[in-house]
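Peer 1: Just so you know, the sequences run in chain order A and B. Start counting the first sequence at 0; every next residue gets the next number (numbering that gives the first Met the number 0). Start counting the second sequence at 0; every next residue gets the next number (numbering that gives the first Met the number 0).
Each hint should be verified, as a subset may be incorrect.
To be verified - SDA-like mimics (lysine to any residue), calculated; alpha carbons at most 25 Å apart, straight line:
hint : chain 1 : residue 1 : chain 2 : residue 2
1    : B       : K634      : A       : K65
2    : B       : K15       : A       : K65
3    : A       : K65       : B       : D169
4    : B       : K379      : B       : A439
5    : B       : K297      : B       : E418
6    : B       : K118      : B       : L49
7    : A       : K198      : B       : E698
8    : B       : K634      : B       : R741
9    : A       : K198      : B       : K15
10   : B       : K634      : A       : G101
11   : B       : K635      : A       : G175
12   : B       : K635      : A       : G101
13   : B       : K634      : B       : P395
14   : B       : K379      : B       : D169
15   : A       : K198      : A       : G101
16   : B       : K69       : B       : N233
17   : B       : K634      : A       : E76
18   : A       : K65       : B       : E108
19   : B       : K635      : B       : A555
20   : A       : K65       : B       : M33
What the hints assert, rightly or not - Some chain A residues flagged as far from chain B (calculated, every beta-carbon gap over 10 Å):
hint : residue
21   : A47
22   : D50
23   : S58
24   : E59
25   : I62
26   : G101
27   : L110
28   : D115
29   : G116
30   : S127
31   : Q162
32   : N164
33   : N166
34   : P167
35   : R182
36   : K198
Stated by the list, open to error - Now the stretches of chain B that chain A is said to cover, found in silico as 3 or more residues with beta-carbon under 8 Å:
hint : stretch
37   : 477-489
38   : 640-653
Simulated from the structure, these hints should not be mistaken for laboratory data. Ideal placement from N, C-alpha and C gives every residue a C-beta, glycine not left out.
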Amino acid sequence: MRVSRRGLFKIIIGGVATTAAGVTALVLGTKQGRAAFESLVPAATPAASNDIVMSLNGSEVRITAKANRTLLKVLREDLSLTGTKPGCSNGECGSCTVLLDGMPIYSCQRLAVEVDGHQVTTIEGVGSVGRLSALQRAFIDEGAFQCGYCTPGFILSATALLQSNPNPSADEVREGLSGNICRCGSYPHITNAVLSAAKGVNSE
Amino acid sequence: MSNPVVGTSVPDVRGKERVTGTAQYTIDLSRPNMLVGRVVRSTYPNAKILSIDTSKAESLPGVKAVITGKDVPEIPFPPFLSYDMRVLAGASDSYVRFVGDEVAAIAAETEEIADAAAKLVEVGYQPLPFNLDAKTTTQPGAPDVESSLGYPGNVQLGYSPLVMARGDVDAGFAQADVVFEGEYQVPPQPAASLRPFSCLAEWDGPNLTVYNDSQVIFVRQGELADLLGIPTANVRVVSQYMGGGFGEDNLYRFIPLAAVLAKKTSRPVKMVMPQDYAFEGSPNKRHAASFTVKLGAKSDGTITAMDLQATYDKGAYLAGGASVPYVGARAVFNGYRVPNMRYTTYAVFTDNPPAGAFRGYGGVQSNFAVQSAIDDLAEKLGMDPTDVQYLNCIRPDDVLEIEGRPVDFTQVGGSAFMEAIEKGKAATDWKSRWSASGAAGAPGQVRTGLGMALLTYGFGHKPDTANVSIYIRPSGQVDVMTGTADLGGGQPTTISMIVAEELGARLEDVSISLGDTNLPPAPFLGTFGSRTTFIAGNAAKLAAADARQKLLAAAAGVLGTTQDQLGTSGSQVLVNGSDQSATFSEVVRSLPGGASIEGAGEYVHTAQTSRSGFQFGACFAEVEVNQWTGKIGVKKLVMAQDYGRVINPRAAEGQMQGAAIQGLGYGILEDYVVDATTAQSITRDWLYYRVPTIMDVPEMSSIAIENPDPRGPFGAKGGGESMIICTHSAIRNAVANAIGVRFTSLPITPQMVIEALKAGGGR
Chain A
0 MRVSRRGLFK
10 IIIGGVATTA
20 AGVTALVLGT
30 KQGRAAFESL
40 VPAATPAASN
50 DIVMSLNGSE
60 VRITAKANRT
70 LLKVLREDLS
80 LTGTKPGCSN
90 GECGSCTVLL
100 DGMPIYSCQR
110 LAVEVDGHQV
120 TTIEGVGSVG
130 RLSALQRAFI
140 DEGAFQCGYC
150 TPGFILSATA
160 LLQSNPNPSA
170 DEVREGLSGN
180 ICRCGSYPHI
190 TNAVLSAAKG
200 VNSE
Chain B
0 MSNPVVGTSV
10 PDVRGKERVT
20 GTAQYTIDLS
30 RPNMLVGRVV
40 RSTYPNAKIL
50 SIDTSKAESL
60 PGVKAVITGK
70 DVPEIPFPPF
80 LSYDMRVLAG
90 ASDSYVRFVG
100 DEVAAIAAET
110 EEIADAAAKL
120 VEVGYQPLPF
130 NLDAKTTTQP
140 GAPDVESSLG
150 YPGNVQLGYS
160 PLVMARGDVD
170 AGFAQADVVF
180 EGEYQVPPQP
190 AASLRPFSCL
200 AEWDGPNLTV
210 YNDSQVIFVR
220 QGELADLLGI
230 PTANVRVVSQ
240 YMGGGFGEDN
250 LYRFIPLAAV
260 LAKKTSRPVK
270 MVMPQDYAFE
280 GSPNKRHAAS
290 FTVKLGAKSD
300 GTITAMDLQA
310 TYDKGAYLAG
320 GASVPYVGAR
330 AVFNGYRVPN
340 MRYTTYAVFT
350 DNPPAGAFRG
360 YGGVQSNFAV
370 QSAIDDLAEK
380 LGMDPTDVQY
390 LNCIRPDDVL
400 EIEGRPVDFT
410 QVGGSAFMEA
420 IEKGKAATDW
430 KSRWSASGAA
440 GAPGQVRTGL
450 GMALLTYGFG
460 HKPDTANVSI
470 YIRPSGQVDV
480 MTGTADLGGG
490 QPTTISMIVA
500 EELGARLEDV
510 SISLGDTNLP
520 PAPFLGTFGS
530 RTTFIAGNAA
540 KLAAADARQK
550 LLAAAAGVLG
560 TTQDQLGTSG
570 SQVLVNGSDQ
580 SATFSEVVRS
590 LPGGASIEGA
600 GEYVHTAQTS
610 RSGFQFGACF
620 AEVEVNQWTG
630 KIGVKKLVMA
640 QDYGRVINPR
650 AAEGQMQGAA
660 IQGLGYGILE
670 DYVVDATTAQ
680 SITRDWLYYR
690 VPTIMDVPEM
700 SSIAIENPDP
710 RGPFGAKGGG
720 ESMIICTHSA
730 IRNAVANAIG
740 VRFTSLPITP
750 QMVIEALKAG
760 GGR
């Protein structure tokens with residue numbers, strides 16, 4: 000199956016409630032959101048390997064994975080994309096945040112089979128050392144990290160936030176990043192970075 | 000200098016790697032043919048190991064090695080501070096002493112196999128009575144925690160008790176108009192860094208390389224060499240990017256275990272500890288401690304006597320925190336000009352997991368007791384607490400006896416207490432808003448309060464040395480080589496800035512290599528205790544000065560003048576009073592044979608006192624307490640801290656904010672709960688152990704005070720830890736101001752607020 004951006008868009012529109020509430024439910028992992036999501040996922044074979052096709056950072060990727068294998072493990076161990084950081088591996092800290100069809104999710108809480116036919120963005124798809132995104136640049140300029148371990152997760156959450164709300168208030172930034180933990184406590188600089196990136200993009 | 004670097008906000012020199020996910024933390028490393036390591040840990044807090052049967056685990060396909068106590072050297076561990084552990088229990092010392100004590104280790108082809116094998120290791124335990132209470136552990140009949148290790152009566156050597164005193168305490172109380180007595184206690188605090196603990200060990204013939212997120216690579220190198228009985232030169236330890244840190248990496252047994260497993264299997268072994276290791280088994284939590292404080296004061300607020308007793312809970316081993324109680328006492332003694340002081344410290348063993356090093360090492364606990372007590376005394380005196388603090392704190396020109404020597408504070412950058420108090424009051428509008436019955440603010444059920452606390456802390460300690468090498472390449476690039484770890488506090492950027500400033504180079508021409516024992520050791524002891532800017536920074540400055548001297552000597556020939564006519568700026572050598580110049584590259588390329596110009600700097604720590612220097616500061620907190628829900632909302636934190644000289648303002652601000660946010664967590668959120676019947680932690684993940692999120696962060700104002708320490712590089716002091724030492728105390732005092740309840744333990748939860756108000760504790 001060839002995954003195109005347009006095709007994915009159709010799948011999403013067709014399969015999931017398109018209201019803001021529906022999307023929120025999906026993100027929060029509520030029962031309704033989960034049910035809506037599961038309606039999209041082809042039935043997986045638990046013991047055997049499953050063929051999965053996803054659009055990963057803009058390229059089609061075909062993998063096989065057991066039904067119990069998480070997206071986090073597939074990204075890091077099978078695809079060597081170690082920019083996605085494992086933290087609690089329990090859906091609490093946000094270190095492993097990636098975008099699924101543009102929405103931030105914890106990749107430790109998503110089975111690889113669930114992303115079949117969907118679009119996944121990791122930190123490697125956001126920018127590179129030679130070509131930073133405006134948000135990545137702002138994180139550096141504002142000193143929005145210390146040890147940097149949680150940083151890729153924060154940048155993905157913030158990327159999604161700015162896509163849905165290009166001109167957020169400080170409170171909206173905090174709300175949008177409340178699912179990510181930074182134990183170094185770089186939060187004030189993180190808020191500054193997101194606001195400054197928004198300002199920069201909006202003035203361009 | 001025409002283009003100053005020091006004192007300007009500079010982005011992290013390794014920032015691009017961090018924001019793109021290309022920074023490789025230990026957990027990101029892998030090797031072809033790599034095995035996965037796992038550790039089997041005790042589920043009992045105190046037990047005798049009767050048997051360990053590894054046969055089922057060994058027969059599982061894919062398991063390559065299972066080791067127990069008999070397979071590892073029995074030399075004491077860690078060979079750094081305490082020497083009182085074994086790498087694995089089970090050989091001649093057949094006891095486990097805390098939940099999480101390591102018993103066996105496994106190397107297998109996959110994680111799944113290693114996990115399955117860990118469950119197949121059968122350990123026969125004879126459970127023994129245990130005691131988790133530091134108050135009763137020294138009483139007759141209490142279970143003996145350390146019997147086989149030579150700590151009679153469950154007391155740390157030298158702490159039975161340790162008494163520090165000056166003046167005559169009894170005479171001091173006799174002079175007092177008011178005497179206040181209080182009891183305070185603080186809980187353990189795990190660092191709770193998000194990155195799982197891990198290491199990768201690989202052998203190449205007789206040579207071992209270990210990758211880990213370590214602050215102490217040179218100490219670890221020696222530790223591994225001792226333990227494995229091989230020359231230190233055969234061990235290389237690499238720590239490139241650390242996830243977290245905060246002191247928690249001072250000591251770990253899974254690292255030598257990975258080395259032993261890798262040797263045994265002749266394959267690289269990557270050991271990844273489970274996530275709950277951050278909460279249980281990780282031997283580096285903050286020590287729980289309890290205090291009694293007695294203060295005597297004149298009616299004008301002058302404190303005439305302070306008498307304190309502290310009991311620090313070591314857990315089952317000294318581990319990496321042997322000097323924590325001493326540092327705690329010092330942090331009180333160095334803060335006040337009170338003539339009569341006595342500080343009596345007990346440090347006792349229990350069957351809790353070992354306590355060790357965590358940011359603010361020792362000072363966080365005693366700060367809570369003393370800063371709460373002084374606030375409570377001020378209430379009893381009917382005074383503004385800032386006035387009591389101002390009257391009694393160490394002043395800029397005080398001379399204080401520390402460790403038997405008079406320390407003239409004017410020689411070490413002065414005491415910034417008074418300035419910190421003045422700036423904190425201004426930033427919170429204290430004069431017009433504070434009253435003894437709360438601050439002007441929200442009316443009704445939500446009460447507003449203002450509170451403050453002081454901190455002092457000795458950064459660095461001796462003996463320590465640092466070495467930095469510098470090479471100015473023919474391309475003009477300046478390579479800085481030093482073994483310091485990149486802990487996340489901006490260390491590589493700070494050192495690069497110091498080099499650029501001293502050398503007259505552009506910062507973008509400076510490139511730094513670090514975090515590897517193949518590089519010059521700096522600081523030798525490790526990147527902890529807020530020492531890197533001071534100790535490694537001094538070495539970097541010396542190395543840059545050395546390189547600059549050689550550069551000028553070479554440039555004199557190129558430019559046809561004498562050295563004394565030359566200066567450097569912007570990676571160029573300039574001739575005074577002329578527009579003649581040569582780039583660094585041109586000068587170096589004039590040397591024969593494509594050589595580089597080398598500079599070397601060694602800084603040997605020779606401070607009079609055991610600590611390199613002294614930090615002073617204050618935190619001011621504004622809180623709103625909802626008397627219906629018990630919720631404490633921290634509205635504002637003002638941090639005023641003496642950095643001596645700020646090298647990188649934004650990084651310094653980040654350290655103040657981050658430390659204060661961790662202190663906020665300790666004050667009102669982070670509640671480490673252990674089940675008293677099993678000794679197992681209930682709060683073993685980030686859902687139940689609640690560290691601050693972005694939603695908990697108040698308005699923050701960071702004030703860097705600059706009273707240069709003449710011994711520091713460009714006057715700089717260390718300061719990465721300071722604000723964690725007093726933020727929890729400031730919040731506690733603000734809560735007391737808001738609702739009139741003077742809490743004596745942490746964290747102050749909504750439940751505690753409601754219960755105290757129900758019991759009539761409010762005003």
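Peer 1: Give a verdict on every hint.
Peer 2: Comparing the hints with the structure gives:
Only pairs whose Cα atoms come within 25 Å are accepted, and B/K634 paired with A/K65 is rejected, the gap being roughly 48 Å. Straight-line distance between C-alpha atoms of B/K15 and A/K65 comes to about 35 Å, which puts the hinted pair past the 25 Å bound. Under the criterion of a C-alpha separation no larger than 25 Å, the hint pairing A/K65 with B/D169 is inconsistent with the structure, at around 74 Å. With a C-alpha separation of about 21 Å, the suggested pair B/K379 and B/A439 falls inside the 25 Å cut-off, and the hint holds.
Simply put, B/K297 and B/E418 have alpha-carbon atoms about 24 Å apart, close enough for the 25 Å limit, and the pair holds. Our distance criterion of 25 Å between C-alpha atoms is met by B/K118 and B/L49, whose separation comes to about 18 Å. For the proposed pair A/K198 and B/E698, the alpha carbon gap of about 21 Å is at most 25 Å, so the pair holds. A C-alpha spacing of about 19 Å is found between B/K634 and B/R741, which places the hinted pair at or below 25 Å, so the restraint holds.
A hinted pair counts as satisfied when its Cα atoms are at most 25 Å apart, and A/K198 with B/K15 qualifies at roughly 21 Å. For a cut-off of 25 Å, the pair hint linking B/K634 to A/G101 is broken: about 34 Å separates their Cα positions. Restraint check for B/K635 and A/G175: the C-alpha separation of about 21 Å stays at or below 25 Å, so the hint holds. For the hint linking B/K635 to A/G101, the alpha-carbon distance of about 35 Å lies beyond 25 Å, and the restraint is violated.
A distance of roughly 31 Å separates the Cα atoms of B/K634 and B/P395; the hinted pair therefore is violated under the 25 Å criterion. The hinted pair formed by B/K379 and B/D169 meets the criterion: a straight-line CA distance of about 21 Å does not exceed 25 Å. Of the supplied pair hints, the one linking A/K198 and A/G101 holds, its CA atoms being roughly 21 Å apart against a limit of 25 Å. Between B/K69 and B/N233 the alpha-carbon distance is near 24 Å, which keeps this suggested pair within the 25 Å criterion.
Straight-line distance between C-alpha atoms of B/K634 and A/E76 comes to about 43 Å, which puts the hinted pair past the 25 Å bound. For the proposed pair A/K65 and B/E108, the alpha carbon gap of about 18 Å is at most 25 Å, so the pair holds. Restraint check for B/K635 and B/A555: the C-alpha separation of about 56 Å exceeds 25 Å, so the hint is violated. Restraint check for A/K65 and B/M33: satisfied, since their Cα atoms lie roughly 21 Å apart, inside the 25 Å limit.
Every CB of chain B is more than 10 Å from the CB of A/A47 (nearest about 16 Å), matching its label as outside the interface. Distance check on A/D50: its Cβ is at least 21 Å (rounded) from any Cβ of chain B, clearing the 10 Å threshold; non-interface status holds. At roughly 17 Å from the closest C-beta of chain B, the C-beta of A/S58 stays outside 10 Å, upholding its exclusion from the interface. No beta-carbon of chain B is positioned within 10 Å of the beta-carbon of A/E59; the least distance is around 21 Å.
Even its closest Cβ contact with chain B, about 17 Å, leaves A/I62 beyond 10 Å, as expected for a residue assigned away from the interface. A cut-off of 10 Å between C-beta atoms confirms that A/G101 is not in contact with chain B; the least separation is 19 Å. Under the 10 Å C-beta cut-off, the non-interface status given to A/L110 relative to chain B holds; the minimum distance is some 16 Å. Distance check for A/D115 against chain B: the nearest CB is about 23 Å away, which clears 10 Å, and the non-interface claim stands.
Against the 10 Å criterion, A/G116 stays outside the reach of chain B, whose nearest CB is about 25 Å from its own CB. Look at A/S127: its CB is around 6 Å from the nearest CB on chain B, not clear of 10 Å, so calling it non-interface is violated. The non-interface label for A/Q162 is consistent with chain B: the shortest C-beta to C-beta separation is roughly 18 Å, beyond 10 Å. Listed as a non-interface residue, A/N164 keeps its Cβ farther than 10 Å from every Cβ of chain B; the least gap is roughly 16 Å.
Every CB of chain B is more than 10 Å from the CB of A/N166 (nearest about 19 Å), matching its label as outside the interface. A/P167, annotated as away from the interface, keeps every beta carbon of chain B farther than 10 Å; the closest lies near 13 Å. The Cβ of A/R182 sits about 5 Å from the closest Cβ of chain B, inside the 10 Å cut-off, so the non-interface label is violated. With a closest Cβ-Cβ approach of about 18 Å to chain B, A/K198 is found to remain outside the 10 Å limit, as its non-interface label requires.
Counting residues of the stretch 477-489 of chain B whose beta carbon lies closer than 8 Å to any beta carbon of chain A gives 4, which reaches the threshold of three, so the coverage claim holds. Judged by the Cβ-Cβ criterion of 8 Å, the stretch 640-653 of chain B is covered by chain A as claimed, because 4 of its residues qualify and three suffice.
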